[in-house]
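**Q** Listed here are the chains, written in short residue letters.
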Amino acid sequence: MSDTPSEAPVKSILPEWVRGPQDFIGGLAMVAVALFALWASSDLQGMHGFSFGAGTAPRMFAVLLLLLGAAVALMGVLKDGPDIAAYSWRGPLFVSAAIVFFAVGIRPLGLVVSAFAAFLIAALGSHETKWIEAIIVGACLTLGCALLFPYVLGLPMPMFPRFLIQ
Amino acid sequence: MMSIRSLAGACLSAFAALGAFAVPASAQNYPTRTITMIVPFAAGGPTDVISRIVTAHMAQTLGQSIVIENVVGAGGTTATTRAARAANDGYTLITGHMGTHAASVPLYPKLAYHPEKDFEPVALLAGTPILILARKDFPPKDLKEFVAYVKANAEKVNAAHAGIGSVSHASCELLNSILDVKPVGVPFNGTGPAMNALVAGQVDYMCDQIVNAVPQINAGTIKAYAVATPERNPSLPNVPTTTEAGLPAFQAQAWNAVFAPKGTSPAIIATLNAAAIKALDDENVRKRLLELGSVIPAPANRTPEALATLVKNEIAKWTPVLKPAS
Amino acid sequence: MELFANLAHGFGVVFQITWWSPSWLFGLSVPISINILMCLIGALVGTLVGVLPGIGTIATVAMLLPITFGLPPVGALIMLAGIYYGAQYGGSTTSILVNIPGEATSVVTALDGHQMAKQGRAGPALAIAAIGSFFAGCVATVLIAVLGAPLTKLALAFGPAEYFSLMVLGLIFAVVLAKGSVLKAIAMIVLGLLLSMVGSDIETGASRMAFNVPELADGLGFATVAMGVFGFAEIIRNLDHGAEMDRNLVQQKIAGLMPTRKDLVDSTPAILRGTVLGSILGILPGGGAVIASFAAYTLEKKLAKDPSRFGRGAIEGVASPESANNAAAQTSFIPLLTLGIPPNAVMALMVGAMTIHGIVPGPQVMQKQPDLVWGMIASMWIGNLMLIIINLPLVGIWVRLLRVPYRLMFPSIVVFCAIGIYSVNNAPVDVVLAGAFGLVGYWLIKHDFEPAPLLLGMVLGPLMEENLRRALLISRGDWSVFLSRPLSAVLLAIAAGLLVLAVLPALRAKRDEVFVESEG
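Residue numbers (the working numbering), protein chains in the order written: chain A, 1 to 166; chain B, 1001 to 1326; chain C, 2001 to 2520.
Hints in this document: simulated from the structure, not taken from any laboratory. Cβ coordinates follow ideal geometry from the N, Cα and C atoms, glycine included. It cannot be assumed that every hint is accurate.
Claimed, not checked - What follows is a set of in silico ranges between Cβ atoms, one per label pair, in the way DEER data are often shown:
| # | chain 1 | residue 1 | chain 2 | residue 2 | range |
| --- | --- | --- | --- | --- | --- |
| 1 | A | Gly46 | B | Lys1110 | 38 to 46 Å |
| 2 | A | Val63 | B | Lys1110 | 34 to 42 Å |
| 3 | C | Leu2385 | A | Val63 | 48 to 56 Å |
| 4 | B | Asn1301 | C | Gln2367 | 32 to 40 Å |
| 5 | B | Glu1283 | A | Ser42 | 57 to 65 Å |
| 6 | B | Arg1286 | A | Phe36 | 49 to 57 Å |
| 7 | C | Leu2147 | B | Ala1274 | 54 to 62 Å |
| 8 | B | Glu1155 | A | Leu148 | 19 to 27 Å |
| 9 | B | Lys1136 | A | Gly46 | 34 to 42 Å |
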């Protein structure tokens, strides 16, 4: 259970001639995004007569991104650049989990439950978290949100779990 | 094995009994809690304003508050899909509109609801008449000249509209199909930018709801050829109707009406319909609606059945006009 | 002087006194001014909403619109206007403190503002943002009163062709000044342009790259993406191993709360330029305030003697865009008050607020509703005064918030952001999307791609494409319109000039990155 970022293993996979792995991978990812966008917009109408079709601009930008991505990757080959930075998994995992839990929970469970749970799940993302403190702050924050959003700002938002109301 | 099955059976029948018991009970006391009215457009637009004026009075009649929830997106179809899937207990209603409950059928082939099959009509609220508008220095002087001019210069004229699926887009397509012309349609993001372009003279004509246009017409920054209703509108007494001006085929109104999800009990529909009719007969409500240039439906057109017929006719009217456009 | 008579009338409306005698005062009457009260409420709510990440001005005004229906029309509009420019003040707060821009207009404020906070200078950054906004607000208010009518012509002169040329200029600006890796900055702009294509096609209504997800039918929300690539990504990065040292450093070295004399001297010209730029761009229909803030930042950097300070906590980089966005927020009232046409979504909601009170604004609104128009103009000045009085003491409180341990701060920010994003459309999918863009943003940081150009691309993309298509539809495919219309030709000439300058090697040495938001 250590969230020490793993030493970038990508470097070893990449061949010798890649001198700037950060740019190389970054550029390739842009190329991949561009290819995906080209595929996703392939069913759209192109130029017809003098007017643009729905697909003209998306494909134009996708091709542009493809070229730029390729150029960035090329820079990674030609120039010495930084290595792939280290990633940690703990922060991204628990912050994402908290966000997803909130999104899934807000409708059926209401603001109180989903906000409090999201707070605690997010808190798992840091090894500095002290639990008693986190629970107290989380509860206060939830209470504050439960007063602030629906009452002060007048947002229509479910407060409590659906099955408790009915 | 048996026991589980019988248990399940018992549960099911208990649920059925509960349901059978619950429906008449809730219909009798309806409403016992706050009703949510979904408005498929942004706060402040014509549909929103009409809904608020009428529901404020309905809430008094029903003795429960009605909360308006504005849900915008995809020409109002996002909100309408949500309303179609809501519980049919009479506590979630929607202010449907010419766009969401008629024009959407041909415009969105993958529409997740059907205006007739997924909704119970409740009551027609009010309509907003459509005007034929043009920039102030557009050559034609009246509707006859306009028709002749547009036909003669079909290659040159530009018609603005407020975006695909908007009232101004649908009604412009209707006008164009009646005139049998295909002018270039210039799309804008909403009525404001489209009106800006018309005032600035960047486009030639457009069809739009009366609300936003009246002050511009009175100030002379744009001109109106006709109003597409059977009668002249009190807020623009000098603008002739399309019938008077020689184009009786062009009749269009952005109507707004309350719908409930399919399967809402008839007793609830009747309660809501009565409350809506009472609101439409109220002096103050009428005055505010008329100030907006709205048309209040005649008593014969206020029943749920009349609304069902209207929806049916409107779908039939818009489908051939909008089908080729999308 | 008619102008002074009008302004005096406006102040008369705002200060109108009514006697309030509630029963619990036993017959005593208290003089109160409803409109002043409305202005104060609007300013307070606006500040609150601006500070809360996620909830933007459009969403707030839409949410609070129904509350105003029961109020007198003048009071209601004064309050809504207060919320609008109040949010411009508040929006910079989260940008500076936690690098989360709550508004499109405060994205660029985060670039240098947050760096200042990291150097313990959050106080001066917040204060200069408020001072700049106040100055810009005052100037813009006078501008509305004096030049409102003639400036209207600018709004009408800007057709699709001019707008497209302006967008081209905006892009060239960003490209010319981007260095570090110009290539990567351009790639980010194009990625932003590509992302902005998701949604419905304006001309045909065809669904583009939305994969039948109903929530994508209207495209990716700017707030959703901004919250992801700035807010969530920043949090995730701060949780990285080894980032604690960095954060603790921030908490320890909080310097003075108020700007020093040098800060003020440095900021003054920036505030002046930002105000001018913002005032002009605000009148234009569309995203005036957003473009104004980006343009103001770019201009400051271009004029700076040492552009490398930008992105590393240059106070001009906060002063100028904050002045520009507030000036633009105020001057965007001009088309509404003189033409009756709303130039942006917030103004469209204002029209809604007027409509519900039976006032439909048109070209004669100034003559027909002098109370409303001049009352509103006078209230803007009073509102700005209130906002600076509210905001300067708040600086101390905000800065103290930075002392909250990060282990408690970050889950709170996650929750606030999630609620804020959800509340915009009541759509859970938006929250998930923001989370996904958080991971994308984390990846971008790791690969040294900067998120600010991506957001600029997202703002400019639809404006550029739609206006290009409109212009071509109107001209029947004749591309020469962009050169035959004088305003458009001038804008394109400036763009071309900038491009030539960029290519000249002599000037190349002077360029530096515009959009650097971290040192490493």
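**Q** Next step is simple, just say for each hint if it's right about the structure.
**A** Status of each hint after checking the structure:
As the Cβ distance of A:Gly46 to B:Lys1110 is approximately 22 Å, the hint placing it in 38 to 46 Å is violated. The beta-carbon spacing between A:Val63 and B:Lys1110, approximately 28 Å, falls outside the hinted interval of 34 to 42 Å. A hinted range of 48 to 56 Å for the beta carbons of C:Leu2385 and A:Val63 is consistent with their spacing of about 52 Å. Remark: the range hint 32 to 40 Å for B:Asn1301 to C:Gln2367 is upheld by a beta-carbon distance near 39 Å.
Under the hint 57 to 65 Å, the C-beta atoms of B:Glu1283 and A:Ser42, about 60 Å apart, fit the expected range. Hint check: B:Arg1286 to A:Phe36, Cβ distance near 56 Å, so the stated range 49 to 57 Å holds. Restraint check, C:Leu2147 to B:Ala1274: a C-beta distance of roughly 55 Å satisfies the suggested window 54 to 62 Å. The hinted range of 19 to 27 Å is not satisfied by B:Glu1155 and A:Leu148, whose Cβ atoms lie roughly 58 Å apart.
In this structure, B:Lys1136 and A:Gly46 meet the distance hint of 34 to 42 Å, their C-beta atoms being roughly 37 Å apart.
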